[in-house]
Amino acid sequence: MTDFAAPRNVRAGTGQRGEWRLMLLMASFCLCYTAVVLNMGLLAASDPTEPVLGGAGGDGRPIRGEITDRDGNLLAANLPAWSLYAHPPVMKNPIQVANALDRIFPDIDRETLLKKLTGKRRFAWIKRPVTPRERQLVHDLGFPGLHFGNREIRIYPAGRAMAHIVGSVRAAREDVRYTELTGSAGIEKHFDERLRDPDFAGQPIRLSLDLPVQQAMRAVLRDGMERLTAKGAAAVLMKVRTGEVVSMVSLPDFDPNAKPIFFRGKAEDSPRFNRAAQGRYELGSTFKVLTAAMAIEAGIVNAETMMQTPSQLKYGRHRIGESHRMPAQMTVEDIVVKSSNVGSAKLSMMLGTRRFKDYLDRLGMFDASGLELAESAKAKPLLPPYWTDLSSMTISFGHGLAASPIHLAAAYATLANDGKLVRPTLLAGPQPEGEPVFSKETSREMLRIMREVVTRGTARRGEVPGFEIGGKTGTAEKIGARGGYDRNRVISTFASVFPTSAPEYVLIVSLDEPTDRSGRKPVRTAGRTAVPVAAEIVRRVTPLLGMRPRLAPISDGPYTLSTGIE
Amino acid sequence: MIRHGFALLALTIIAIAGWAYNVNYNTMTAFDRVRDLRSEIAAEREALQVLRVEWAWLNAPDRLERLTAQFAPQLQLVPLVPDVLQHTAVVPFPSDPEDVIEIAPVIDREGLVPVPAPRPAAWRSE
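Same order as they appear, the protein sequences are chains A and B.
Numbering-wise, my numbering puts 406 at position 406 of the first sequence, and it's gapless, one number per residue.
Numbering-wise, my numbering puts 21 at position 21 of the second sequence, and it's gapless, one number per residue.
Any given hint might turn out to be false.
As the list claims (entries may be wrong) - With a cut-off of at most 25 Å between alpha-carbon atoms, the simulated SDA-like pairs for lysine to any residue come out as follows:
#1 A/Lys231 to A/Ala402
#2 A/Lys120 to A/Met91
#3 A/Lys116 to A/Arg133
#4 A/Lys92 to A/Glu111
#5 A/Lys357 to A/Gly316
#6 A/Lys259 to B/Asn59
#7 A/Lys259 to B/Glu65
#8 A/Lys259 to B/Leu58
#9 A/Lys231 to B/Glu65
#10 A/Lys189 to B/Arg52
Unchecked claim - Listed next, the stretches of chain A that the computed footprint assigns to chain B, with coverage defined by at least 3 CB atoms under 8 Å from CB atoms of chain B:
#11 157-169
#12 201-215
#13 282-292
#14 463-470
#15 538-551
Simulated from the structure, these hints should not be mistaken for lab results.
All C-beta atoms, glycine included, are put in the ideal place defined by N, C-alpha and C.
Kindly produce the complete structure, drawing on both the sequences and the hints.
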């Protein structure tokens with residue numbers, strides 16, 4: 001028994017130490033479990049991530065954002081593609097390779113290719129980009145030393161219809177792993193940062209444009225341009241309330257998916273030149289509406305005020321005349337409806353140059369239009385270098401100040417939008433309300449006068465039953481080769497608003513050097529050229545915009561067909 | 001007793017070791033699978049993207065315009081212009097539904113033009 005007792009005593013001595021060890025063990029276990037639990041919690045709490053689309057290698061790098069129209073139709077998108085490069089030192093027989101590649105890519109010059117492959121270079125680009133079919137053909141050759149790098153190609157599915165708006169990209173940095181594309185024109189350039197921003201990956205830029213409307217407007221404008229043998233044309237369709245550009249066409253146009261063709265000649269005649277947003281033209285008598293609105297707004301006159309309109313107005317050694325015979329006195333309304341230069345010049349003089357300039361400034365005629373295109377930022381209206389009273393007089397009927405059709409559309413939209421300033425935009429969505437330039441009463445009055453222009457004035461061919469089009473024609477002679485104006489080369493413009501009782505859209509149609517040869521004598525006035533084209537655009541485009549004609553009410557008595565069926 | 005205890009402990013340790021080994025390999029296969037699935041998803045997304053672009057390409061306005069012109073005889077489409085819209089009241093409603101057959105070619109020929117009926121009374125008496 002004692003044998004047992006003694007060790008028990010010993011154990012009793014070590015008992016304290018054993019307990020301490022146990023505690024240590026338990027503590028370390030607790031620590032381990034806590035670590036495990038924490039880790040599990042962390043795993044459970046973290047968000048599961050899904051890999052985003054990468055290039056062909058799926059390395060998850062962000063790709064350039066897409067551009068869509070207002071209904072989500074793709075206007076610019078990416079396609080994964082490849083670039084072909086070579087390591088010449090690895091090649092067994094460079095001449096054989098060059099011959100084979102020449103058969104696959106007929107657009108590569110065989111001599112330069114041979115020089116690349118037989119030289120001392122260790123690396124050479126062969127073709128960028130390469131389509132899947134070409135890639136397969138090169139793979140089938142099975143030559144060593146030919147490699148494919150990832151790259152993206154930018155595709156513009158809408159083609160020519162949106163060519164001027166979406167713009168273009170070019171490869172800024174090329175690498176065998178990827179290619180960095182940067183915008184070089186249009187929306188692509190203006191929103192380059194936003195399109196490349198990884199934070200916006202998967203969120204396309206939604207434009208205010210409507211692809212079907214754009215296509216229809218382009219088709220009508222193209223037909224009109226061909227019929228009138230014009231060398232160019234531009235049209236803008238803008239929402240009055242928001243300034244959203246629903247359609248903007250510039251002809252001639254180009255295929256954005258094809259390789260750019262070098263254009264020989266003046267930049268303004270290039271197909272790449274955006275006549276609607278970039279081109280600045282003297283927009284002629286369409287300015288008379290603005291001048292009259294200013295005079296009425298300033299309270300100097302009203303629509304019924306009688307004005308003396310002599311056939312010529314002298315200012316120093318300059319004379320302002322009319323394009324056709326006018327009565328000796330007219331109301332302000334008739335000055336617009338019959339398009340009197342003298343009357344407009346007199347109105348601008350009654351306003352005074354300072355007030356006239358102030359109104360033009362508030363209408364945005366002195367600044368770039370603010371449209372989200374790289375090109376339009378540079379297209380500030382061309383103003384006279386020294387603004388004299390004579391400048392005010394000529395600008396009052398649209399000569400001496402050259403602005404883009406977008407500027408004109410914005411000014412007309414401002415007038416129609418109860419006089420509140422409209423800023424043109426290419427992005428879909430509501431805009432903040434602009435500050436008032438004209439009063440609501442002036443706006444109503446001018447819309448009524450513009451309607452008169454179509455019902456009894458210079459734009460009678462612009463009538464489309466049920467849409468209450470109102471507008472103003474403008475025929476501006478171009479500056480000839482020897483200076484001065486050239487009678488046979490004109491820019492004819494029709495600026496319109498519809499429906500005038502509740503304005504929804506502003507439509508500007510501008511033709512460069514049109515001639516109507518349907519009659520005995522060739523006619524170039526806007527009333528015979530731009531106006532019928534605009535009317536046809538309204539007829540084609542309104543159903544696509546969901547507008548219905550306001551039909552003449554059915555008057556007394558039941559109506560039936562003249563068929564004899566009773 | 002203690003000996004048995006040790007034996008039991010040893011067995012447990014072996015069992016746990018086996019389990020841990022198994023879990024380790026399961027985890028590794030799971031990781032492999034996740035990687036495979038990820039690249040599969042990326043590939044599917046890429047395919048989706050290509051198809052989406054191709055769909056937009058096939059619906060390109062110029063192409064549709066060309067096709068509608070090419071198949072115009074089969075499609076028999078007319079441009080939607082405001083002229084085709086009219087008041088419902090203009091549509092002649094025959095008193096007898098059977099007359100539709102009779103009236104259809106007339107609409108085709110004459111179009112829908114509102115003209116006053118000669119005598120409202122005659123209409124009502126019908």
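Here is how each hint holds up against the structure:
no.: 1; hint: A/Lys231 to A/Ala402; verdict: 19 Å, holds
no.: 2; hint: A/Lys120 to A/Met91; verdict: 12 Å, holds
no.: 3; hint: A/Lys116 to A/Arg133; verdict: 24 Å, holds
no.: 4; hint: A/Lys92 to A/Glu111; verdict: 18 Å, holds
no.: 5; hint: A/Lys357 to A/Gly316; verdict: 21 Å, holds
no.: 6; hint: A/Lys259 to B/Asn59; verdict: 22 Å, holds
no.: 7; hint: A/Lys259 to B/Glu65; verdict: 23 Å, holds
no.: 8; hint: A/Lys259 to B/Leu58; verdict: 20 Å, holds
no.: 9; hint: A/Lys231 to B/Glu65; verdict: 24 Å, holds
no.: 10; hint: A/Lys189 to B/Arg52; verdict: 24 Å, holds
no.: 11; hint: 157-169; verdict: holds (count 5)
no.: 12; hint: 201-215; verdict: holds (count 4)
no.: 13; hint: 282-292; verdict: violated (count 0)
no.: 14; hint: 463-470; verdict: holds (count 4)
no.: 15; hint: 538-551; verdict: holds (count 8)
The structure shown violates just one earlier hint, number 13.
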